[in-house]
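Residue numbers (the UniProt record's numbering), protein chains in the order written: chain A, 1 to 270; chain B, 1 to 271; chain C, 1 to 157.
Careful, some of the hints might be misleading.
[What the hints assert, rightly or not] Sample of chain C residues at the chain B side, in silico, Cβ under 8 Å: (1) Asp7; (2) Leu24; (3) Val28.
[Claimed, not checked] Listed next, the in silico EDC-like pairs over lysine to aspartate or glutamate satisfying Cα-Cα at most 20 Å (straight line): (4) C:Lys27 <-> B:Asp190; (5) A:Lys10 <-> A:Asp66; (6) C:Lys4 <-> A:Asp97; (7) C:Lys4 <-> A:Glu116; (8) C:Lys59 <-> C:Glu38.
FYI, nobody ran anything at the bench for these hints, they're computed from the structure. Glycine residues also receive a C-beta, built at the ideal position from the N, C-alpha and C atoms.
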Amino acid sequence: MPADNLVEIKDLDFAYDDRPILNGISMQIPRGKVVAIMGGSGCGKTTLLRLIGGQLKPSRGDVLVDGRSVPRLKDDELYALRRRMGMLFQFGALFTDISVFDNVAYQMREHTDLPEELIRDMVLMKLNAVGLRGAHQLMPAELSGGMARRVALARAIALDPMLIMYDEPFAGLDPISLGVIGQLIRKLNDALGATTIMVTHDIQESLLIVDYIYFMSDGKVVALGTPDEIRASRHPFVHQFVFAEADGPVPFHYPAPPLAHELLGKGARP
Amino acid sequence: MSKRESGPGPLLSTIASIGHHVTDALQRLGFASRFFVMLLLCSGQSFRRPNLTIREIYYSGFQSLLIIMVSGLFIGMVLGMQGYETLQRYGSADALGILVALSLVRELGPVVAALLFASRAGSSITAEIGLMKATEQLTAMDMMAVNPIARVVAPRFWGGVISMPLLAALFSATGVFGGYLIGVVFIGVDDGAFWSQMQASVDFRYDIWSGIVKSFVFGVAVSLIAVFEGYDALPTAEGVSSSIKSTVVKSALAILALDFVLTSFMFREAG
Amino acid sequence: MSRKLLDLWVGFFVALGLAGVLFLALKVGNLSAANFSEAYPLTAKFANIGGLKVRAPVKSAGVVVGRVADVRFDPETYEAVVTFSIDGRYHFPKDTFALILTSGLLGEQYIGLDPGGDEKMLKPGDVIAKTQSAVVLEKLISQFMFNKASEGPAANQ
Chain A
1 MPADNLVEIK DLDFAYDDRP ILNGISMQIP RGKVVAIMGG SGCGKTTLLR
51 LIGGQLKPSR GDVLVDGRSV PRLKDDELYA LRRRMGMLFQ FGALFTDISV
101 FDNVAYQMRE HTDLPEELIR DMVLMKLNAV GLRGAHQLMP AELSGGMARR
151 VALARAIALD PMLIMYDEPF AGLDPISLGV IGQLIRKLND ALGATTIMVT
201 HDIQESLLIV DYIYFMSDGK VVALGTPDEI RASRHPFVHQ FVFAEADGPV
251 PFHYPAPPLA HELLGKGARP
Chain B
1 MSKRESGPGP LLSTIASIGH HVTDALQRLG FASRFFVMLL LCSGQSFRRP
51 NLTIREIYYS GFQSLLIIMV SGLFIGMVLG MQGYETLQRY GSADALGILV
101 ALSLVRELGP VVAALLFASR AGSSITAEIG LMKATEQLTA MDMMAVNPIA
151 RVVAPRFWGG VISMPLLAAL FSATGVFGGY LIGVVFIGVD DGAFWSQMQA
201 SVDFRYDIWS GIVKSFVFGV AVSLIAVFEG YDALPTAEGV SSSIKSTVVK
251 SALAILALDF VLTSFMFREA G
Chain C
1 MSRKLLDLWV GFFVALGLAG VLFLALKVGN LSAANFSEAY PLTAKFANIG
51 GLKVRAPVKS AGVVVGRVAD VRFDPETYEA VVTFSIDGRY HFPKDTFALI
101 LTSGLLGEQY IGLDPGGDEK MLKPGDVIAK TQSAVVLEKL ISQFMFNKAS
151 EGPAANQ
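Chain A with its partners taken away, still in its complex shape (with noise of 0.2 Å):
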């Protein structure tokens, strides 16, 4: 890999409460490349954005952004360093009281002082860029999943950020806007020189766009490479997720003891 990373995780570690979610996770995420991170539902993928984005704190260990500590930033270099940062919440999270425009033009207006002129030109090009620039007068709750996809996408990338994050960008969305969608995360990624990390479970997809995948499991990074790699690794995890296997390294059922046992009488309990 190349030794320029934009993100750096060192050995990190994270809890809510007493229950941990990330133990040891080492990544690095080079610049201007698309990485996605993958693993089953409820493996610590979005707790891991929130800690690159700062909004959770480790409870060990360090994430680099730029060279600079997330963790020990103060609240305003904190800040400075989220307006460098786009981020694609899993339902898109746009503000539904404003329009479609006026969403995808907050952070231009909170963080800067443009004109409304400029301000309204820089608008409709994202739009553009996401294919809705006809859709700037809807509203939020007048906009399909797909759609509001690409409002979201166009609103994170509205200030031309270094790093996009996204948080299962293909969750619940037809195999058309699933491709839109994956088109327009590897366009938008070249086209602005950013890097992207993108949290997902939907390997088919990601296969086609990414450079670099990480898979997680428990906390713990499982396996790593490009594409082509894990088309080709043995790695049991691996191969249970290429090729949607129900049972594998990760099991059907969640830790239960013995059905037999929970069945047939308390007498049996452990």
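We have chain A already, so just place chains B and C on it with the hints.
For chains B and C alone, kept in the frame of chain A given last:
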């Protein structure tokens, strides 16, 4: 492992659950206080953009006008009728103006207006902030380097604080008018006696000003409860709905308890 | 909603609210009638003030000219020291008489000022020398009964 086999006895577990509730309540109180301090610290930031607060005055103040004025009118009319009923037995129907005005400006105006405000505006503030939290809009705002307390919470709080005294004054004013309507226009109490007796015994600094102070305090309490319950809501449908319920219940309790405290301070020497 | 329209409605709301306050202040309250901003204090000592309370009116010829500001007990003379503030527009002669009166038979008590004929006027902070205490109904009744009782046997004889 079952609780019954190894856990404490029923008495001990009752005590433990009481203790748990107490620590929970204290923890929430602590968080609420910290939240209030954060809110005050962020207020300077949001005052630099007065448009945000003006918008909230529109939603919580202007849109509550109708319910406040209509309720005020009816309460004043009822006071006029009941007051006349009682006063005329003692031959002092002329004092109707005093009764209507004093009960409105001292008590009913601030208290009833605050109760209406809590259920009309407070609950919708809680719902709005709670839903923004549930749909990750607050998190998204935070990730966009916009402080949600300064941008969303503080304007709503100050909008409520500013609206409340104005609404209470309007409530009292329409109420006095309602009392006049019933007492003077319909029943026929002497017009001059109604106003002059009222003016002779309602003191601006003493009665009206303390009513305004009361409604300001209620405004702070209701707005704080409303924004806090919204901000602290669990990000689910049940969480938001129970926060709304809790806003209305807690506001009502806070208003009535504060009213008792303030009244005992303000009107003590009048005895 | 456009910003101008929003501002307009909020402006309307605030103006209406302030009008409400003004209505309460001028029409319901007595801010216009009794502006005691330039009031001056006077003091009087009474042997008994009855039920006189702070903020009770001070009247002269039936017109309210001030209000009772403070009631204290003087531990040396065992008298009640009443301070009241008088509207700055009115001045009273040195030999003004201060009485504690009752409005109606059972009404509230107030201070009545009977002006004398002195050339000199009372200055702010002065003490009114001539006072008459409150008529306490119980005392009056017991006095009356006592008189009756002492008269009674004499009449029989």
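Hints versus structure:
1. Asp7: This interface hint holds because 7 Å falls under the 8 Å limit.
2. Leu24: 5 Å, holds
3. Val28: 5 Å, holds
4. C:Lys27 <-> B:Asp190: Since the Cα atoms of C:Lys27 and B:Asp190 sit roughly 16 Å apart, the hinted pair holds (cutoff 20 Å).
5. A:Lys10 <-> A:Asp66: This hinted pair holds, its Cα atoms lying about 14 Å apart.
6. C:Lys4 <-> A:Asp97: 19 Å, holds
7. C:Lys4 <-> A:Glu116: Holds, at about 17 Å.
8. C:Lys59 <-> C:Glu38: Within the cut-off at roughly 17 Å; holds.
Of the numbered hints given earlier, the model fails none.
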